[in-house]
Amino acid sequence: MTSLPHELENIVLAMPGVVTVYSSGPRVAIGALELTNGSPSRVEVTASGQGSDPERIVVNVGLDASAQAPVTATAIASAIRAALPAGAATAIVVRISSVTERT
Amino acid sequence: MTDLTALSDALLAERSADGDEFAFATLVRRHGPYLRAFATRLTGSAADADDVVQDALITAWAQLSTLAEPGKVRSWLTSIVSRKATDRIRARKPSSELDEQRAEIAERGPEHRAIEASQLDALSSVLSALPDGQRQCWLLKEVAGYSYEEIAERLDTTIAVVRGRLARARATVVTEMEVWR
Amino acid sequence: MTDVANDDIGGSGYSLEQLSDYLDRGRTPAIEEIDGNAECQAILGSLERYGSLSRDLVSRDAAEHPEIDENWFSSLLSTITREVKAGRDIPLASADPRTSISITEGAIRGLVRAAGDSIDGVIVGRCTLTDAALGENTPSAITVDVSISVLLGSSVRAAAEAVRQSVYGALLKHTELQIDSVNVTVSDVHVIPIDGDAR
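First to last, the protein sequences are chains A, B and C. Going letter by letter, the first sequence gives residues 2 to 104 in the working numbering. Going letter by letter, the second sequence gives residues 1062 to 1242 in the working numbering. Going letter by letter, the third sequence gives residues 171 to 369 in the working numbering.
Rather than coming from a laboratory, the hints here were simulated on the basis of the structure. Be a bit skeptical, because a hint or two may be false.
Restraint ranges, calculated between C-beta atoms of paired labels, are given here [what the hints assert, rightly or not]: (1) A:S49 x B:E1130: 19 to 27 Å; (2) B:L1181 x A:N11: 55 to 63 Å; (3) C:Y338 x B:T1219: 54 to 62 Å; (4) B:D1064 x C:Q211: 48 to 56 Å.
Here are the simulated EDC-like cross-link-like pairs (lysine to aspartate or glutamate), alpha carbons at most 16 Å apart as the crow flies [stated by the list, open to error]: (5) C:K343 x A:D54; (6) C:K343 x A:E56; (7) B:K1133 x B:D1070.
Being a predicted model, the structure only gives us computed values, none of them experimental. Backbone N, C-alpha and C fix where the C-beta goes; we use that ideal spot for every residue, glycine too.
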């Protein structure tokens, strides 16, 4: 069974224009599910106090220069939104940390 | 991919300051051996030297934008290595006013020194045989270019002690290198 | 051994410890008894020489051990890469209020660098982004200053213009920033290595 962070990371990495997913930086709270899965995912999912929808998802990406970075980033946000239950109030943050020519 | 290996230190430092890790990697390959050699002589330990240089380079990456003259990369890096190395030296043992001889170093007497292949070999032997405190003061003064004040601060001692250690180191070096000649 | 440092040198009235101090003070203010004493001068000369030789010694150590342990190197580089020099987050438009999208200053600098590097004979040095926005946290309009190194012999003016165009294009494509100006300065010159001969 894949945790949500791992599932999201796989979705993002599979998208056209995505070169890499960077870690979001030091994460104080690592979900129990991440620990049982072994390696922590680089997608940061902050659980909400009530209900099952996450409060916030942060993904830090390196993109390909072939497509416009804002367009790719918007597509990433949409793909993440689609992986969540319909109507979830989850905040999604997509941060572009690099845009490079794929060699 | 742009070939960076032929570029000047200044250009590589500027790119590194802006976040180009390939430029920084190039600087590491270019200056790494020198920094490690210096750290080894300063700490007296190759294993410590590897850690010290790695710590220093991680710090350098974060502080590159503070490098005022991008062309003076090597001396700037040497200065950071000095800081990390002396941090480690201070953490090793309580500071002591006594300069103990390093018994474990095979000392070569002046008569053996005469047959050393070169002046550098002779100097290498003389420096290796100095007591730790004297050798550290010598290296920080002559290679890292530190002032007495800076050395005293780094080694957590007084200027008077530094002055004394440096003088004794110089007396030893002059005496033993003259024998070689 | 500790006595040697305090012995009188050549009848000058000065010890090696004092000579050592004198040397490190840059031999000022001048002391006649030292400057006029042959043995003192010989020792001061030797000390300077051994200082310089010490630097040569470290260089020689390095030349004798030029190899870099690849594990050590990878470990260093992966730590560096984690500390991406992101700088500020520059917002990009998003139709969904629950979603925020941004690009970092670090990414923008990388774009500028790549745009400049892509011009034949040009290698980018420093890139500075200055925002025109006043009193706001995030810029909407910026000035880009780029310094470049050009290949010896190539046209400086053509290179600078090509870089300007390339940088404009890259920023228009990947950001939503208004570019007030792109200023290119040629600060260095380089030559292509021949047969692996650098510089």
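These are the hints, each one checked on the structure:
1. A:S49 x B:E1130: 19 to 27 Å: 51 Å, violated
2. B:L1181 x A:N11: 55 to 63 Å: 58 Å Cβ-Cβ, so the 55 to 63 Å window holds.
3. C:Y338 x B:T1219: 54 to 62 Å: 59 Å, holds
4. B:D1064 x C:Q211: 48 to 56 Å: For D1064 (chain B) and Q211 (chain C) the Cβ distance comes to about 50 Å; the hint holds.
5. C:K343 x A:D54: 35 Å, violated
6. C:K343 x A:E56: 32 Å, violated
7. B:K1133 x B:D1070: Distance ~8 Å between K1133 (chain B) and D1070 (chain B) Cα, so the pair holds.
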